[in-house]
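Going line by line, the protein sequences match chains A and B.
For the first sequence, the numbering used here assigns the number 1 to the initial residue and increments by one for each residue that follows.
For the second sequence, the numbering used here assigns the number 602 to the initial residue and increments by one for each residue that follows.
Among these hints, one or two may not hold up.
Claimed, not checked - Straight-line Cα separation of at most 25 Å, DSS-like style, residue types lysine-lysine; simulated pairs: (1) A/Lys471 x B/Lys696; (2) B/Lys675 x A/Lys600; (3) A/Lys250 x B/Lys622; (4) A/Lys561 x B/Lys622; (5) B/Lys753 x A/Lys534; (6) A/Lys351 x A/Lys165; (7) A/Lys594 x B/Lys753; (8) A/Lys573 x A/Lys561; (9) A/Lys462 x A/Lys321; (10) B/Lys749 x A/Lys585.
Unchecked claim - Pulled from the structure, derived: some chain B residues nowhere near chain A, Cβ distances all over 12 Å: (11) Ala606; (12) Leu609; (13) His626; (14) Glu646; (15) Ala701; (16) Ile708; (17) Leu732.
Calculated from the structure, these hints are not laboratory results.
Heads up, the beta-carbon is just placed ideally off N, CA and C, and yes, glycines get one too.
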Amino acid sequence: MAENTTGYRYYLTLCDGPTCMQKASRTMRETLERELARLHLSDKVRILVSGCLGMCQKGPILIVNPGYAMYGRLTEEAVVRIVEEHLFNNRPVLDFIIDEDHLFNKFYRVFGDVNFFGKQMRIALRNCGVIDPESIDDYLCVRGYEALAKVLSVMTPWEVIAEMKKSGLRGRGGAGFATGVKWELTAREKSDVKYVICNADEGDPGAFMDRSAIEGDPHTVIEGIIIGGYAVGARNGIIYIRAEYPLAIKRLERAIAAARAAGLLGQNILGTAFSFDIEIRLGAGAFVCGEETALMHSIEGHRGMPRPRPPYPSASGLFGKPTLINNVETWANVPVIILDGADWFATLGTKTSKGTKVFALAGRVNNTGLIEVPMGTTIRQIVFDIGGGVPDGRRFKAVQIGGPSGGCLPEQYLDTQIDYESLTQAGAFMGSGGMIVMDETSCMVNIARYFLEFTQDESCGKCTPCREGTKRMLEILTRITEGSGTAEDIVRLERLGALIKRASLCGLGQSAPNAVLSTLRHFREEYEEHIQHKRCRAGVCQAMLSYAITDACTGCGACRKACPVNAISGTQKTLHVIDQKACIKCNNCFVTCKFEAITKS
Amino acid sequence: MNLDATKLSELDAFMAETAHKTNSHSYVIAVLHKAQQLFGYLPREAMDYIAHAMNIPTAHIWGVATFYHFFNLKPVGKHPVSVCMGTACYVKGAKLVLDAIKEELRITIGETTEDGIFTLQETRCIGACGLAPVMMVGDKIYGDITPKKAVKVLAQIRKETV
Ligand SMILES: Cc1cc2nc3c(=O)[nH]c(=O)nc-3n(C[C@H](O)[C@H](O)[C@H](O)COP(=O)(O)O)c2cc1C
Ligand code: FES
């Protein structure tokens, strides 16, 4: 986009997010370049790569501008035709065009513009998929670093803070603390050294918003951090990012280097008295390090264990200095608020929750990917209008929001609005923005067990309620899923859960029981079925399954040989049978059978 | 075990870079990352070496290395196999895939096959939830995987490696 005036006939945007890359967007690019060269179009067409466009299901994706034609599920053959018919003969290839009214193609129509009335609205992700994340020029073309220039030239730090407060922006990392207030608290501290941290640890299993935001538009995050540094009077910024995100790390490194070279980082930024620089620190795979005090211990080179607050980081944070810590998405909102104004920002969303929220929509839903919606959007709109509902004609059962700290909401809660208070009230949690849809093939007891296994595994072990309590809860849940639960187990779970929530040191323990408590609240009958009738209605819990052999059996004897307890009998070429009493439900026969003659229910 | 001299000098160079920074001890995790990148895992000797060079007790290094999942304390196989157990993959049947692989390779999580070809790991969300369930072999991602497909892929890789 940087060279919009230089006589290119077409601009192509090719997605190279992780999903598309795996679907071979690289070879697409080679084919594309080869075909363009063949038709002598190489200097008439500019190819841009973009981060994840959020439509992973239909990738790899190619967008042709002007005219906004979006091609999906690209194959080499499709690329050849697109070059020949569209780019050479100016006739879009209708066969490959995606024109469904889903996800983000609503607001993509004008380059970088958003359809105000669509269900989605992109603020934090406004440039993702629009600009080349590795080009600072591209970012400058979409008013990049203009907010920084404005702040440094005409606003005092206190004016910046006042603007942030007025915008009503709240932290997107989970708890939703008012961002402006946090900035003010840090700014009020007197200290020669202060730190600003960007929390890019994103430990929620099943969420990748922060990763995509950084991969798609690293400069926005960097600009936000610099503005934060100016507002609170810090000279040092640190981005703490998980080591599991190599591409995001690479993009950040490049973006920081480019910003430094452009005089936007380093000594005397833009010729002012303000100096600031950013350093990247890598995590090493510990969920608890997303918690702010644990994160700071990790940066200091220690085991990432949380400590009690207060003192809050704003008073005593990294290396004991006043520290401002915000989430990636929170930072990405900052330049927009400065440029378009807090008044405008505050018109978006609900009374208590302003702006938009990014979600990673995944699981049993037709359109998986990244979405950004205004606060106040209902869960139903997200799952059914944007997500396109549940595939394979199955029934929606629950949506899990907020990752391991969050909870599962059933159908009756589909009309719940997305805002901090409503979600908490319903028994879920805004969290970082993972949203996993489940249908009737998911067993809610099993899901609760899954999350508890996660938090139990990730518990750092420092405080007893979390370390021991989650272990006991996990034992009880395991017992229930294995068919040996008792009626008192439900009471035990509730009591232990309440206790762990109250007594744990950090947010990990305080929220660990949520998965269990929310499923107990909304899906209690499933627990009771497991306990009283030894029945798992979703057919997930192995111990409650029964295996049977259907007429499709050819009598080959493979399952008989695979069975470790000789529970299968039958002679060659006749229908085999399973002795239900002897069967230990090891699943061996099911895996072995080549004729799909074994069923489990 | 003796550590490779060229790798050690690369590690030395990296440590020298961090040594003059403020709060230089805080870079111990970065140094461990570097060591793992060089040696494939964190050998006991490397940790001793770092402790000595950075003037930090070995116990502290050991404590840090064991706290974080990312660090391997044992050598890993030629092809690390990791099955994503993130929520999206889990609800789409990742557990069944993992079970099938365990059976096929006859190892459990964290172990390496006797022939040193595969190490089995589980990861959490690699950000390809749109393709769930997902398995990674090395840095190659296999999406929409089923137990049968997974076993087939591994058999193929084993054939190519041997
Ligand atoms: C167990 C646990 C994990 C967390 N993980 C993350 C995370 O991955 N990313 C994040 O930004 N915040 C995470 N947080 C929240 C941080 O502690 C902190 O509140 C946040 O970074 C503040 O930024 P914000 O005000 O912009 O939300 C986590 C909190 C807890 C208790
Ligand atoms: S949950 Fe497996 S890739 Fe996200």
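Legend entry - Hint check against the structure, violated hint numbers in rising order: Checked against the structure, the hints that fail are numbers 2, 4, 5, 13, 15 and 17, while the rest are satisfied.
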